[in-house]
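Engineer: Top line first, the protein sequences correspond to chains A and B. The numbering of the first sequence is the working numbering, which starts it at 1 and goes up by one. The numbering of the second sequence is the working numbering, which starts it at 1 and goes up by one.
Hints may contain errors.
[To be verified] Below, in silico cross-link-like pairs of lysine to any residue (SDA-like), each with a Cα-Cα straight-line distance of 25 Å or less:
#, chain 1, residue 1, chain 2, residue 2
1, A, K51, B, Q248
2, A, K74, B, D180
3, A, K319, A, P342
4, B, K559, B, Q519
5, A, K51, B, L150
6, A, K74, B, A139
7, A, K51, B, S554
8, B, K544, B, S554
9, A, K319, B, D180
10, A, K74, B, L209
11, A, K51, B, D211
12, A, K125, B, D180
13, A, K51, B, R146
14, B, K182, B, R202
15, A, K125, B, A139
16, B, K182, A, P24
17, A, K19, B, D211
18, A, K51, B, P232
19, A, K74, B, A179
Hint data in this document are derived by calculation from the structure and do not stem from the laboratory.
Next come the chains, spelled out residue by residue.
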Amino acid sequence: MAHTYTPGLRVASRTVVRKRRVLPIPGQVLVEKGRPVTATTVIAQTDLPGKVHTVNVVNLLGIAPEEIRRYMLKRERDPVRAGEPVAENRPFIKWLKTQVPSPITGTVESVSEVTGQVFLREPPKPLSLLAYLDGHVVEVFPEQGASVETECSLVQGIFGIGGEAVGTVAMAVEDPADVLTPERITDTHRGTILVGGSLVGRDGLTRARQVGLSALVVGGVHDPDLRSLLGRDLGVAITGDERVGFTLIMTEGFGRIAMAKRTFDLLASKAGRRASCSGATQIRAGVVRPEVIIPLGESSPFTVDGSQKDAAAVGTGLKIGDQVRIIREPFFGRIGTIVALPAEPRLLPTESRVRVLEAELGDGERISVPRANVELLET
Amino acid sequence: MIASTSGEMRAILATDCGSTTTKAILIERVRGEYRQTFRGEAPTTVEAPFEDVTRGVLNAIQEVEELSGRTILEGEKILTPADEGRGVDLYVSTSSAGGGLQMVVGGVVMAMTAESAQRCALGAGAIVMDVLASNDGRAGHEKIERIRHLRPDMILLSGGTDGGTVSHVVELAEYIRAADPKPRLGGGYRLPLIFAGNRDARGRVEEILGDRTALVMTENIRPVLERENLVPARTKIHDLFLEHVMAQAPGYAVLIGWTGAPIMPTPAAVGLIMEKAARQQGLSLLGVDIGGATTDVFSVVDGQFTRTVSANLGMSYSISNVLVEAGLEQIQRWVPVALDEQDLRDRIKNKMIRPTTIPQTQESLALEQAVAREALRLAFEQHRMLAVGLKGVQQERTIGDVFEQEETGKSLIDLYRIDLIIGSGGILSHAPRRVQSMMMLIDAYQPLGLTRLAVDSIFMMPHLGVLSQVNERAATEVFLKDCLVPLGSCLAAEGEGEPGEPCFAYSLRFPDGRREEGQLRFGQLLRLDLTPGAEADLEAEPSKGFDLGSGRGSAVAAKAAGGVVGLILDARGRPLRLLDDPTARAAQLRAWSAAVDLYPINSIP
Chain A
1 MAHTYTPGLR
11 VASRTVVRKR
21 RVLPIPGQVL
31 VEKGRPVTAT
41 TVIAQTDLPG
51 KVHTVNVVNL
61 LGIAPEEIRR
71 YMLKRERDPV
81 RAGEPVAENR
91 PFIKWLKTQV
101 PSPITGTVES
111 VSEVTGQVFL
121 REPPKPLSLL
131 AYLDGHVVEV
141 FPEQGASVET
151 ECSLVQGIFG
161 IGGEAVGTVA
171 MAVEDPADVL
181 TPERITDTHR
191 GTILVGGSLV
201 GRDGLTRARQ
211 VGLSALVVGG
221 VHDPDLRSLL
231 GRDLGVAITG
241 DERVGFTLIM
251 TEGFGRIAMA
261 KRTFDLLASK
271 AGRRASCSGA
281 TQIRAGVVRP
291 EVIIPLGESS
301 PFTVDGSQKD
311 AAAVGTGLKI
321 GDQVRIIREP
331 FFGRIGTIVA
341 LPAEPRLLPT
351 ESRVRVLEAE
361 LGDGERISVP
371 RANVELLET
Chain B
1 MIASTSGEMR
11 AILATDCGST
21 TTKAILIERV
31 RGEYRQTFRG
41 EAPTTVEAPF
51 EDVTRGVLNA
61 IQEVEELSGR
71 TILEGEKILT
81 PADEGRGVDL
91 YVSTSSAGGG
101 LQMVVGGVVM
111 AMTAESAQRC
121 ALGAGAIVMD
131 VLASNDGRAG
141 HEKIERIRHL
151 RPDMILLSGG
161 TDGGTVSHVV
171 ELAEYIRAAD
181 PKPRLGGGYR
191 LPLIFAGNRD
201 ARGRVEEILG
211 DRTALVMTEN
221 IRPVLERENL
231 VPARTKIHDL
241 FLEHVMAQAP
251 GYAVLIGWTG
261 APIMPTPAAV
271 GLIMEKAARQ
281 QGLSLLGVDI
291 GGATTDVFSV
301 VDGQFTRTVS
311 ANLGMSYSIS
321 NVLVEAGLEQ
331 IQRWVPVALD
341 EQDLRDRIKN
351 KMIRPTTIPQ
361 TQESLALEQA
371 VAREALRLAF
381 EQHRMLAVGL
391 KGVQQERTIG
401 DVFEQEETGK
411 SLIDLYRIDL
421 IIGSGGILSH
431 APRRVQSMMM
441 LIDAYQPLGL
451 TRLAVDSIFM
461 MPHLGVLSQV
471 NERAATEVFL
481 KDCLVPLGSC
491 LAAEGEGEPG
501 EPCFAYSLRF
511 PDGRREEGQL
521 RFGQLLRLDL
531 TPGAEADLEA
541 EPSKGFDLGS
551 GRGSAVAAKA
561 AGGVVGLILD
571 ARGRPLRLLD
581 DPTARAAQLR
591 AWSAAVDLYP
601 INSIP
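Take the sequences, apply the hints, and build the full model.
Structural biologist: This is the structure in structure tokens:
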């Protein structure tokens, strides 16, 4: 294949993000094309069907399934309250009467003359779909939802947990290599999207929850600390539904890894700005990465040139002079500049023969790394 | 449709559209026999921004064109028939893109019809998302809630022998109706549902599900308790996979028009070639395909084929789940260096989030191979639970059976009777040393007696499986000549003893007349050269407490097949136990490594 390196995550000072927002089942769309929205605007709503409960009436009354309708007090589509009888028998002696109460408040969905079961459905639950971004509606999908677009700065992380969140960007450290210690997270950070440096430990994560951060963006987390936060070990990299009190976005990976300077500087330049973010990650097919989206609003200091540069940096191959981050031991997390791209595969210490690149690290050391083990840093 | 039926095929093109990569191979007739000659690959393009599988297929074919010099494409059309230097006679393809075929199955009794339905769906190449049964321990509303949340590609509903229970089957149908599940690939079509249960329940099932699903009726998969009848339902699964699932996936409607045989789910094709090869060679075999996300295990024992898939055991996307399921200690036990928990966990998680990276150091390689041993072991355990005889079967007994109570549902996997183990997947096919692949398989499966081992050279089993439907000769010729790399044989003793205690004595006569004999003590491992294609006469006599296949202390004689690794004599005992003390265990692992030349000397600190 032409490119064996891992394409870098997007870090763009100015770009356009469009999000397709659709309901899980058909409903009502509340916005029209061209309308400005904020992240918390409800753009569509629907009623999710309620849970279904079953009651085996024939077993409870000791009757045959085909007789069930004779004993039913309620019919299909009738409303019922919890505890209200849905069926009863008719014994000769009245005080021997048995009634079957409904376990829920809802409606009778169906009655089976084969199995003797009665299906009861809870009332529907309303679901509101938010815009997620400050922007405007660019496309409407009747009964489904809409696409919302915004001109923004964008930072993609490598891995996250927790769902969508909105807050103001705040910086907790001065340098991307700093560790985010608990004392750096203060009560003034409540509701913010707080940016740390290279690492946040177990105590820092606990503090983030106590303070009530909206989200935390940091270079890395040690896996045992993430496990402690989640209360379980994460097996498969499909996230977004976790409920830990805040959204966590790791920009670099597991372990202590300085946040890429470009990412850090961009976020620092946005301190005080309102942003939307999501921790949802899916590494398999249909890759989803966590993200921080900071709409530019009207007072953007960036020029259109920046946008073109960002677009050009995405998807190009490796070339001499490019900056890369090494994403595997023994040089994990180090940043270097490509000085050679030998065409022929080289022998690794593992005895595998693969295509490599040669890079010069910050301290002048020259190393050879498999091309699969680097990430292009977009400059 | 690209298929030429006139005379012998000269060139065949096959692709496998995987989740991440589309792999194309070219098979040509070379001096009267079929050989795999060139291979190309390109990223799969089912997802955005392309959303058209044919882009990736064309890119992979272009790579084959560049490497072979053969013109295969004219624009976006595959040239046919084959001529000198251009075109192919047949094009076939498999697919697991977009997560493969995902199914929910149901039956009345978990250990009977539900288990048969599970075997049927797995055998058809599906990932089984859930197994519903009247006695699965969940209340009705829990079943309904579960069905509601799953978005399968299709449902297989069985239950009841013909003439047996109707009400329990109808109950399951009612749960499905109440849940009203939606198909995974969008709401534009109705969810396919195959009913393969009690034929007396068909009318009721039609009434309940006919207006909610794309309902298809087929023969009962368990017409009587004593017999499984999986083929008709499996065929229906393949038909619906093409008609409904594939037709919804981006670009597949076009791809279906190019192929000369129906597109098969990748694991179904792998199973098919293994089944055919086992039948042709008269072997009982065990096969594994360990991928990034899933591990498939196949067995063909006495002609009975079983496939299982461990959906979350793999070497990249699912590597962290291997850690979760196996536990840290089980992985650490295979690593000959001390890694602290935080470091090991961080490394495994980083592989999960950056799945395309490769080990650069021996230490890193050893860790990945340690995880692979556990993934293979766990997937095999799951396979053994499903590769069983039919449960609930009445057994005819004579007075002679009184003292031999044999339970129903007995495992079909008797490791003494497995002739061949085939490994496939990146970690096995691309290990820097072939002996590493062989030892991963031996450590994970712990074969007993004499067993041959092989690996798939470049993962072409899917291609050959789908090809075998159209041209079995070409498929099996390539399978034996180019696909399988013979690793060699392993002779292993069952039993446990004290270190240093005699385990078995052996004597070998090589094809050149050379003889070699010796004795292995408990805990020892020995590797002897025996080249591919060569066979040696092997005689071995175990000590009293050990068994090589003929009973404890009884001698065995067999022909040992060679391979690129040779012959491994394994006196480490079964079950294989590693020492508890970390320092002693590291020394034990180093000694075994040195005995078989597993890693370069002194490469691991």
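Engineer: For every hint, state whether the structure bears it out.
Structural biologist: Going down the list of hints, with the structure as the test:
As the CA atoms of K51(A) and Q248(B) are separated by approximately 29 Å, the hinted pair breaks the 25 Å bound. Simply put, K74(A) and D180(B) have alpha-carbon atoms about 23 Å apart, close enough for the 25 Å limit, and the pair holds. Among the hinted pairs, K319(A) with P342(A) is consistent with the structure: their alpha-carbon atoms are about 11 Å apart, no more than 25 Å. For the proposed pair K559(B) and Q519(B), the alpha carbon gap of about 18 Å is at most 25 Å, so the pair holds.
Note on K51(A) and L150(B): the hinted pairing holds, with a Cα-Cα distance of about 14 Å set against a maximum of 25 Å. Annotation: proposed proximity of K74(A) to A139(B) holds, straight-line Cα distance about 23 Å (limit 25 Å). Our distance criterion of 25 Å between C-alpha atoms is broken by K51(A) and S554(B), whose separation comes to about 63 Å. Taken as a hint, the K544(B) and S554(B) pair is honoured in the structure, with Cα atoms around 8 Å apart against an allowance of 25 Å.
A distance of roughly 53 Å separates the Cα atoms of K319(A) and D180(B); the hinted pair therefore is violated under the 25 Å criterion. Of the pairs offered as hints, the one joining K74(A) and L209(B) holds, with about 24 Å between alpha carbons and a cut-off of 25 Å not exceeded. A distance of roughly 21 Å separates the Cα atoms of K51(A) and D211(B); the hinted pair therefore holds under the 25 Å criterion. About 17 Å separates the Cα atoms of K125(A) and D180(B), which keeps this hinted pair within 25 Å; it holds.
About 11 Å separates the Cα atoms of K51(A) and R146(B), which keeps this hinted pair within 25 Å; it holds. Between K182(B) and R202(B), the direct Cα distance comes to roughly 22 Å. Compliance with the 25 Å bound is thereby established for this hinted pair. Between K125(A) and A139(B), the direct Cα distance comes to roughly 22 Å. Compliance with the 25 Å bound is thereby established for this hinted pair. Taking the CA atoms of K182(B) and P24(A), the gap is near 10 Å; set against the 25 Å cutoff, the hint holds.
The suggested pairing of K19(A) with D211(B) is violated, with an alpha-carbon distance near 35 Å, which exceeds 25 Å. For the hint pairing K51(A) with P232(B), the CA-to-CA distance comes to about 35 Å; that exceeds 25 Å, so the pair is violated. Using a Cα cut-off of 25 Å, the hinted pair K74(A) and A179(B) holds, with the two alpha carbons roughly 21 Å apart.
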